[in-house]
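S.K.: Chains A and B supply the protein sequences, listed in that same order.
Once you know that position 244 of the first sequence is 244 in this note's numbering, the rest is easy, because the numbers rise by one and skip nothing.
Positions in the second sequence are counted from 1; adding 331 to them yields this note's numbering.
FYI, nobody ran anything at the bench for these hints, they're computed from the structure.
Owing to the predicted nature of the structure, the values given are computational and were not obtained by experimental measurement.
Some clues are possibly wrong.
As the list claims (entries may be wrong) - Non-contacting residues of chain B with respect to chain A, defined by C-beta distances greater than 12 Å in every case (computed): (1) R341; (2) P443; (3) A446; (4) R590.
Claimed, not checked - Using C-beta positions, here's what the derived DEER-type ranges look like: (5) A:G65 to B:A510: 14 to 24 Å; (6) A:I166 to B:E348: 23 to 33 Å; (7) B:P561 to A:A199: 51 to 61 Å; (8) A:T106 to B:F345: 43 to 53 Å.
To be verified - Just so you have them, the derived chain B footprint on chain A, three or more residues with Cβ under 8 Å: (9) 73 to 84; (10) 236 to 244; (11) 270 to 280.
For each residue, glycine too, the CB sits at the ideal point set by N, CA and C.
There are 2 protein chains.
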Amino acid sequence: MNRQIRLAARPVGFPKESDFEMVEIPVAEPSEGEVLTRTLFLSLDPYMRGRMNDTRSYSPPVPIGGVMVGRTVSEVVTSRDPGFTAGDVVLGFGNWQDYALMTGKTLRKLDPASAPVTTALGVVGMPGQSAYVGLLDIGQPQPTETVVVSAASGAVGSLVGQIAKIKGCRVVGIAGGDAKCRYVVDELGFDACIDHRAADFGAALARACPEGVDINFENVGGAVLQAVWPLLNDFARVVICGLIAHYNDATPAPILDLRAVLIKRFTLRGFIITDHNVRLDDFQRDVSAWLREGRIKYREDIVDGLEHAPEAFIGLLHGRNFGKLIVRVAL
Amino acid sequence: MNRQIRLAARPVGFPKESDFEMVEIPVAEPSEGEVLTRTLFLSLDPYMRGRMNDTRSYSPPVPIGGVMVGRTVSEVVTSRDPGFTAGDVVLGFGNWQDYALMTGKTLRKLDPASAPVTTALGVVGMPGQSAYVGLLDIGQPQPTETVVVSAASGAVGSLVGQIAKIKGCRVVGIAGGDAKCRYVVDELGFDACIDHRAADFGAALARACPEGVDINFENVGGAVLQAVWPLLNDFARVVICGLIAHYNDATPAPILDLRAVLIKRFTLRGFIITDHNVRLDDFQRDVSAWLREGRIKYREDIVDGLEHAPEAFIGLLHGRNFGKLIVRVAL
């Protein structure tokens, strides 16, 4: 049998567990050109909150009763695509379920001997590529510039800061709580990390950025962006990669003095990583090399059991994960 | 004697006439390398409001008691720079006064036979260059795209729209009142122009942009920007050239849903034209050619008498001018 987690109701504000439902259906048989896969790992990412809304976006919403979407690392069970055989480990959109049918051309084979397969969902996957493209192509960091990155211990933020260090920048993270902040400085090598929950957050951030801020890599929005705003230097780049504070309508739009965009000649730019696949090879080459050389580290937060995916995803939206959130589906 | 208009007090909100004072002092004598000029025309521009504040900006503020700054078209009276002789007509920063001492290297000679000299303050001057660089370099218009430009009958907006038409765009202006809107459509050739004072402004703007908006060339901010925001298409460019609604602290920051920056991959960018002098020759060549070919038109709003400059400048901030605002100083 195949367990699926489906969207039961469109969330109002933060999702509740009752917005999801688990159903069991028979495992399907692959047609010609299809591959039946068993899900090993499911990636949980903030963008999924947007897919739960019935609003215009860059991707269609998950319909009510539809299986929640998500990237997976899976094992091929039965293949009717000549490019795959049983036992192959593949990256694809297997979604929130035990088994998936996918066409071969949507899959990429992984080599478990070369790297832990979960990294294909994180540091060498979509979050890593977001960090790479957002920082390098949109942020365009120059040596000695100051980069601020929010959600600094997360899948994207942790890599943004480490790449910025490699590029010679001063890097200040923003994260929630002492443990994450210590990790960001002690393990990842950021120059500083400020707890956005602290009472003196804004003042502490300003003290950590004595030369102002040249690049703000934004994963959060809300009060975090509002605190960075007055610190931005002339010609600052604000890279909008994520706005998790706003995904649940829990945070009003931050009040940003637009005059600063003009007077200080800011560039704000939002991006969606799937528009930037032209850079996939560069990203994989560089990040794989940095990993081999020990110049970047990553951290995974692995939750066991598909049935815990809704709870884990809700936790992600509250910042309760610590590192790239992944569900181990095949136990 | 030389009449000067000086900054008497830093304005709170909209400037009042009492924030300026006129004084008369003897005309100064030029030192070696200097040129004594008599002001023919003084340009009044929204950026001057920023110079009246004692806040960090891209240029230092005018000190209390200092002469208000401004570009001028002037006639050389006495020259101690071998590059200039009495009678030459020059463009420079002569400021709000009858006579100015300027060093020769800050001046550019104008040829009154080739074009009306006032155009050096408008369509072929700083406002024109702002339109050219902001639209072409920052906005990057493509044929058939929709461009919305606010303050559409003004010195910058009127040229933005006409260049966008030359580039094959659909162009929708925003202006204050029927007369300006009619001028923008009937004389300048925009596809539509919407009165931002009309009760149904937002709905009318949406109707005028059936394919959405690809470029918003923003001169105003406030409610005008807020009305354009939901109409912006994927990959829209928001060019922040001016934010006159905010210069007098009369308008709160508009509430802009930042999620649209991410989901629709907007680019917002502010610019100050003096950073873009590398494009000065291209601008002058292209706009001069378009003027000769009759492909662009311009309108000047000329006020007689230096003593009326404060009143005219205050009117500019309220949108009471109609076309490029210039003071004829030498009557």
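S.K.: Tell me, which hint numbers fail for this structure?
M.R.: Hints 4, 5, 6, 7, 8, 9 are the ones this structure does not satisfy, whereas the remaining hints hold.
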